[in-house]
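Participant: This is what each chain is made of:
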Amino acid sequence: MGESSKQWRYRGRTYRPEELSSLILRKLSLDAESQLGKVRDAVITVPAYFAESHRRATMDAGELAGLNVSAIINEPTAAALFYATNHEVNGKIVVFDLGGGTFDVTVMRVAGRDIDIIASEGDRHLGGTDFDRVLAEIVNKKARLETGAPAFPSDIELQKFLNQAEERKRALTTRPNQRVLIQNDSGRAQVSVSREELEEGISPLVAKAEMLVEAVLDEARLDPGEISKVLLVGGSSRIPFVQRRLEAIFGFAPVTEVNLDEAVACGAALYSGLNALKENAALVPAGVRSGLSDVQLVEVANHSYGTITVSTDEETGRRILANDILIPKGSSLPCSETKTYYTMADGQDVIEVQITQGESKDPDNVNIIYQENMPLPPNRPAGRPIQVTYSYDKNQRMECSFRDVESGDLMAVELSSLEGALEAETKRKSRAALEEFQIE
Amino acid sequence: MEVILTLAGIWFAFWLLGGALRAIGAAAKSAVATVKGEEPPARRFEARVSQTTIELKGNTAPIFEIEVRGPITAPYAGFEIQFVVHAMDITDGEAKPIFCALDWMQEADTPLLEYRTEAAPLPYQHAIISDWSRRAFVPIDMVSLPRSGTRRLEFHVDVVSANPEAKYFFGQRVSGVVLASATVRTSVEWAEIGYEEMRERRTRIEELTLDLAMAVSAADGSMDRAEGAVIRAWLGKRVEAIEDDEEKSREKRRLNGLVTAAYQKATAGELDMRAMCSELTEISDPAGRYDALELCLHVAAADGRAEEAELNTIRQLGEWMRVSLDRLRGMEEKILPVSMHVGDADDDGLLGISGAMSPEEVRKHLNREYRKWNSLASHSDPSKREQAQEMLSRIAAARRKHVA
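Protein chains in written order, with my numbering: chain A, 53 to 492; chain B, 1191 to 1594.
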């Protein structure tokens, strides 16, 4: 999502990720409508680590599916919301969300119904599908050894196996071995895969998750001993090896009593209820109203936001371009920060306004999410102050202003993940092209 | 912003000093009122120079103080004059220029030191400054001499016509009228490195950089065309800024000579890299050392493959040059991304793991690296995303290897 370079061709047409995602959302909303009647508004959850472009693409997907997306929230936040409103919990908890394709880990402070997110980390390329591929590789390797031919002679055969991999992984969580029937160039054969072999194969991937768990604790300045509960979310967190590794880090077993597959969706529904309470409490059924009335949720910025400035390299004394962060990752929302910068040259009549997303000081290693020239009054000496203010609200909406202090000239930019990235015309064309997939 | 503040701070110090010196200059100008008129000159016009200090807003600044006395004869009373001071370094048997960093204390078209008082009318046609009178102040911290050590300086004071204004070029008067002049010499112990020494150092740093790049090129046992092209491009940048054709040709010849010598030394195995790094560390600031390492990295990257031998050589150079190895690794990650690395034996070096680290230190280091690369996994540039994914996999593998 949010990566324009990724496209798929199907029946002579190229599809963007948001278009394919919209088909899934459409199917979900139709399913919901069959139970609830017309669905108009939706809260969509995304991995906490999604960048601005991914969130905007998600927004586009919702719109293409004909939904009014009222909020885009982080999956661990949704899971924690669900857990905290259904269990008695106090203290600092870790939400470990290992899903089908992404991984998120979040530390939060929960006191009754007050939920403060402290820090989040995630990996957009770590999840159950990676484990499926590991399983396929093991089977392939064994097939070569035992039959002299690969287990999957074609991509289609491989895909067939991957479609069933979920079941096989589940089986290995309860049984020590799994037999896989293969049909390759040597004929039919059976390959046995043990739980140990799978665990050995996925251990580099689990190591990635472990590192992010430790990283998020570092970011929250917490030791594992200060965590009172580890909450598992996402189907892949069922894997016993994953749970053992977490136990090794924290010294106690993670909580498995939560509905791993639906905790996020339930949390999103609760979030929707919270929003409705704020906007029009009368529309919310009394039971839900009383259940949610005392819930307080404090989110954090999932990325750092800054601007590109000219700085002095402390070691070499040379002038360099640097990303200067105004809102650091992990700042509690809402937040606002103002910094003053100065023009560099006599007669400087323009500044290049750049808003960045990313933690690095190196401009090459951050994303420029907005870029525009701001004209300045001419014929002034260097050193004129430019006041830059970033404000980030609870709905992930950021307002940035660049103000020339002397003239009062202002450039204001509003960035919101609740605004898609696609042009209206592109959306219209996409909707028309997606009509053929509509399920009535 | 830090740079802006720093530069502003430096500028402010200059301005402060400049303002104070201007004020003192104005006071010197008023001293013309002490002349006695209509008397024939009793003595010749003469100058003297001393090293002293002045107080500037609580700070003490060392200066050369130039005083004059004696007769001045003008075409008529009320003739507008200026005192102009130039200085040369005469230690080495020839007059070498002295440069000044304050632009208002420079010749019109050169950075040579020139102190010039404001124009003021001489009250009498025949005037005499009877007592030693301060005419000029040269801030010692603002001037550059050719070399360090004991230096012999010659100050030349002219009393010149202000209208038309007397102009100078490289210390030689090219217009205006001189009414009186005096020359005075002094010795000074100069601790600062001189501009000639700086030039020699720059040349030596270039030589060493080139030698090191050649050594890296030869580290994998061969020196190929692509590596030569990188070195040629580096040399090309050094001459492209030169405007004068003759100077450009001279510089090209010099650099080509350096390349030939470096190549011969590299192929003959005569390059002692440790000694070169030691010398470079002694004579170059960190920027020069990083420049040398950057060229070495580009040479290593020239053939599109990062050979382990080349990488180990560059890392060793970094250690010998006492630069930040983290910073060097950052440069390596940019110039030699993981996709160029050949084999995986080099992962510890690639990830910055040293043998001196304890497992716990390795764990913490890898976690930091993981966070760094994980944030790049969402970069808008697909090549950076790919590099990040590859690094994440290697970090995870390193954790399995080093952390129980």
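Worth flagging that the hints you see were computed from the coordinates, not collected in a lab. Positions of the beta carbon are idealized from the N, C-alpha and C atoms, including for glycine. There could be a bad hint or two in this list.
List time: in silico DSSO-like cross-link candidates among lysine-lysine, alpha-carbon distance up to 30 Å [what the hints assert, rightly or not]:
| no. | chain 1 | residue 1 | chain 2 | residue 2 |
| --- | --- | --- | --- | --- |
| 1 | A | K381 | B | K1427 |
| 2 | A | K144 | A | K330 |
| 3 | A | K212 | A | K194 |
| 4 | B | K1438 | A | K381 |
| 5 | A | K281 | B | K1562 |
Residues on chain B that point at chain A, a partial pick, calculated with CB under 10 Å [claimed, not checked]:
| no. | residue |
| --- | --- |
| 6 | G1366 |
| 7 | G1384 |
| 8 | Y1385 |
| 9 | A1567 |
| 10 | H1569 |
| 11 | D1571 |
| 12 | V1593 |
Participant: Against this structure, judge whether each hint is valid.
Facilitator: We went through each hint and held it up to the structure:
1. A distance of roughly 40 Å separates the Cα atoms of A/K381 and B/K1427; the hinted pair therefore is violated under the 30 Å criterion.
2. A threshold of 30 Å between alpha carbons decides the hint, and for A/K144 with A/K330 the separation of about 27 Å falls inside it, so the pair holds.
3. At most 30 Å may separate the alpha-carbon atoms for a hinted pair to count; A/K212 and A/K194 meet this at roughly 18 Å.
4. With a CA separation close to 51 Å, the supplied pair B/K1438 and A/K381 exceeds the 30 Å bound.
5. Restraint check for A/K281 and B/K1562: satisfied, since their Cα atoms lie roughly 27 Å apart, inside the 30 Å limit.
6. The beta carbon of B/G1366 is not positioned within 10 Å of any beta carbon in chain A (closest approach about 31 Å), and the interface hint is therefore violated.
7. Look at B/G1384: its Cβ only gets to about 20 Å from chain A, farther than 10 Å, so that hint breaks.
8. With 10 Å as the threshold, the beta carbon of B/Y1385 stays out of range of chain A, its nearest partner Cβ sitting at about 18 Å, so the hint is violated.
9. Contact between B/A1567 and chain A, as hinted, is supported at the beta carbon level, the nearest pair being about 6 Å apart and thus within 10 Å.
10. Here the hint on B/H1569 is kept, as its CB sits about 6 Å from the closest CB of chain A, short of 10 Å.
11. Checking B/D1571 against chain A: minimum C-beta separation of about 8 Å stays under 10 Å; hint holds.
12. The beta carbon of B/V1593 is positioned within 10 Å of a beta carbon in chain A (closest approach about 8 Å), and the interface hint is therefore held.
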